[in-house]
Amino acid sequence: MTFVPKPRVHHPLLDVNEIGLKRRDYEAAVSTLCAGCGHDSVSAAIIQACSELSLPPHRFAKLSGIGCSSKTPSYFLGNSHGFNSVHGRMPSVATGANLANRDLIYVGVSGDGDSASIGLGQFVHVIRRQLNMVYIVDNNGTYGLTKGQFSATNDRGSVSKKGVPNLYAPIDLVSMALQLGASFVARSFSGDKQQLVPLLKAAFLHKGFAFLDIISPCVMFNNHTGSTKSYDYVRDHLEEVVRSNYIAPRDEIEIHYEPGTSKKVQLHDGSQLNLTKLSESYDPSDRIGAMSYVQQALADGVVVTGLLYVEEDINECHDILQTIRQPLNQLTEDALCPGADKLKKINNMFR
Amino acid sequence: MDTTNIFNPNYFHKVVDCQWACPAHTPVPEYIRLVAQGRYTEAYMVNWESNVFPGILGRTCDRPCEPACRRVRTEEKPVAICRLKRVAADHKGDISPYLPRNPAKKNGKRIALFGSGPASLAVARDLLPFGYEIDMFEKDPGGGGMMRSQIPAFRLPADVLEEEVDLIVNMGINTFYNYEITSMKEMLDMNYDAYFVGTGAPRGRDLDLPGRKEVSDHIFIGIDWLSSVAFGHTTSISGKVIVMGGGNTAMDCCRTSKRLGAETVTVVVRSGFDVMKASDWEKEDAMAEGIPILNNRPPKEFIHENGKLKGVIFERVQPEMVNGRLKYVPTGEPDVFIEADKILMAIGQENHCPWIERDIGIEFDKWDCPVLDKETLQSTHEKVFFGGDSAFGPENIIWASAHAHQAAISIHLYCQGKDVKRDRPPEGMNLISTRMGVHEWSYDAQHDPAERYIVPHADLRRSLKNIKVEVELGFDKDLGYSEAQRCLNCDVQTVFTEKLCIECDACVDICPMDCITFTKNGSEEDLRTQLTAPANNLEQDLYVSDELKTGRVMVKDEDLCLHCGLCAERCPTNAWDMQQSIVHIPQLGSYTE
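For the protein sequence lines, the chains are A and B, in the order given.
Residue numbering for the first sequence follows our numbering, starting at 1 and increasing by one per position.
Residue numbering for the second sequence follows our numbering, starting at 352 and increasing by one per position.
Same shape as in the complex, but just chain A (with noise of 0.2 Å):
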């Protein structure tokens, strides 16, 4: 917990952005988690993913559930519509939200517990259902905020801060992810923001559900040297395996693609992702190949990091309840109540 606040004067040669405004104005509050916690690393990498962007951030709406991960919100983006709802639930609460309003972006901010533990079930369904959002999970395996206990994606031998081994295997988010059918995956860590910077930027522009699973330290209890999500752990055993290099459209620069190992995908607003692959054997827009490469990786405690999936121009659930373009709170009364008569013949459909 810091008590100085942080002082609003900035470097001078800070850039202001295509809406006019500075990486500054993207901040909210000062974080009042410990110091050197990962998740402020991931709000650090929001604003700068978002400033670069010139998303505007009054478009924004900040869900998340309970737990040190479901704090950050109030740490970035501090002129955005948000919600701090119940444990696990932050998934109900995007997808009415989303269904009422099309239009905002939404990013939810979960941790281990919120999305693995309690609201697992949650987490599934709205995958399934291609909700149309960023979903953050700040993974530190850890229940920080109840002093350290494991959490389901803990993974087995990993020992607690007194020593105790934890005795279950791990909830693999990625992979269930993967296998629900996400249209875009991806495994960061907090500590690289080079790699976290890029991702963010493309799941902010990717339409349909777009999954990160960012391996964040908690400095508290979990960045010890029995721990497998400390700092040195994760560094160590980390592999990248495609580089995703987002490319505005702006930027029209002639990049010289090696044939067989870069791959350029479009997304919906006319930018542009270069994805590089740094392992042989791995292809992103393969996702059974995705899966069965993960889950060896994790048999083979290897921490395969980079955008694991990726596939543009699916339906997301807008597209499959086939809603109008028009966002639904902006609906007026004629339209919402056609009156008796269209009832009538409404009615008269299901005789």
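Each hint should be verified, as a subset may be incorrect.
Below, computed lysine-lysine pairings styled on BS3-like, alpha-carbon distance capped at 25 Å [as the list claims (entries may be wrong)]: (1) A/Lys-161 / B/Lys-428; (2) B/Lys-871 / B/Lys-900; (3) B/Lys-628 / B/Lys-591; (4) A/Lys-277 / B/Lys-871; (5) B/Lys-717 / B/Lys-536; (6) B/Lys-734 / B/Lys-443; (7) B/Lys-772 / B/Lys-460; (8) B/Lys-634 / B/Lys-816; (9) A/Lys-6 / B/Lys-428; (10) A/Lys-6 / A/Lys-22; (11) B/Lys-428 / A/Lys-22; (12) B/Lys-828 / B/Lys-871; (13) A/Lys-161 / B/Lys-900; (14) A/Lys-263 / A/Lys-207; (15) B/Lys-816 / B/Lys-456; (16) B/Lys-725 / B/Lys-769; (17) B/Lys-850 / A/Lys-162; (18) B/Lys-428 / B/Lys-634.
Think of the hints as simulated: they come from the structure by calculation, not from any bench.
As the structure is a computational prediction, the values presented were derived from the model and not from experiment.
Since chain A is already given, all that's left is putting chain B on it; use the hints.
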């Protein structure tokens, strides 16, 4: 880049921009904190130790610290450092318990000081506690030198001047006032153990233009005229006055003329407004008193009739860059005639020692300045040392203090039979953590975004009537506190310990000025462009750590750091700590022997 050696005394000293810029290296942030705490006496003594004349300098210093202030780079206007010095002087209590005491027994060495200005007085202050017998020779009837004779009372009241001059004189100097030295040889024959020449730059420049001789009764040399005002020989000036020159003496001349009854006063300067030598605030104060400053007007001729001055013809020029050099080129417009009854010439001054014979071993260079060792201030005659304006030409009071400390060390070493160069005490530096708890620091880390406070002035109608009414009233305690809070505490350093860092990026994320980057090491040129924010100010160093676990290094651009301590607050492992750097500038007595 190589790992930064933060234990080099100059590394962190350079980060404290104000202290680095101050010739006497006054620990500015330290005394500003004391002012904020209401500990004026201590704040005064911190100043007194370094610059010897806090009350005088708090009103008259040239303030090299203020343009250097980091606040100019992070926001816009510097902290009003000079005025805070005055706050300490105005509100201090009894300083006598803090003053050095003279030993009961003298050490048997006799030193002669020539001139009683800031340089001589400061040398005396440094030497007296070591038991030296000091004889000070002064041509005027009182001590203080140019501080008394050239700075008018509306900028420096007599009581402030006398308090600080007398404090040193009464430490036990044998004063010889009204003593005009005519021969250095004679003085050397008096067999003192060492001599210090602090006679300043007492000769005002003159201008030989057509008509100069004919109207010499109406033309005065600025510093001589100010001096005769200071000693009460001149009490009025009548008619239309032209002040020629653009330095602080010109500003003092025009404002004094206005107070002594001149009908009109005009300042005419050969160069442009921006390049005038006068301090900005002196120019502002003169203009606020309704005195016009005409620029780019070099004088051409004095016009007179029957031995009476009529006025001056000035050329019209404009500044132009010719082959990379600033030149003043005639505009081709007709010359201007400005009516005048009196002219005050304030176009510069020179050090001038006609009383030093040129054949007694004291060499002079082609500009008629003594040949000196820059560090020791020793002349080519081993017993003779110089300081203040008489050393390297006209500077200011704070330079005189700085010279005096060096000269005093040299004189001491010389008198003790030591080598004045080799045996000089080294500079030193201490780092002391300011951490008092998890989130508590022994300094006020919070950044205050307030703008520079305006200092109140005396009512113009009243101050223009009486030369003794001080114009600037200074900050009261409340304003002083508020202004002190603007200080960024640049002497509380961000100290990084590599082996504790877990590279979590918390410091990078929280830094409001984007000073910190973790990156692959490279050449300085590469690093400066690859940081989170470009480090374009080449005068400010990059702080580069040793290699970290990931093979990267921490690079911090010292240029814009607010010293807010947030990096240390957000560091989970205390790899960052806020530590006060205390620079030890050698001074006689600052090291035990």
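Which numbered hints fail: 1, 6, 12 and 15
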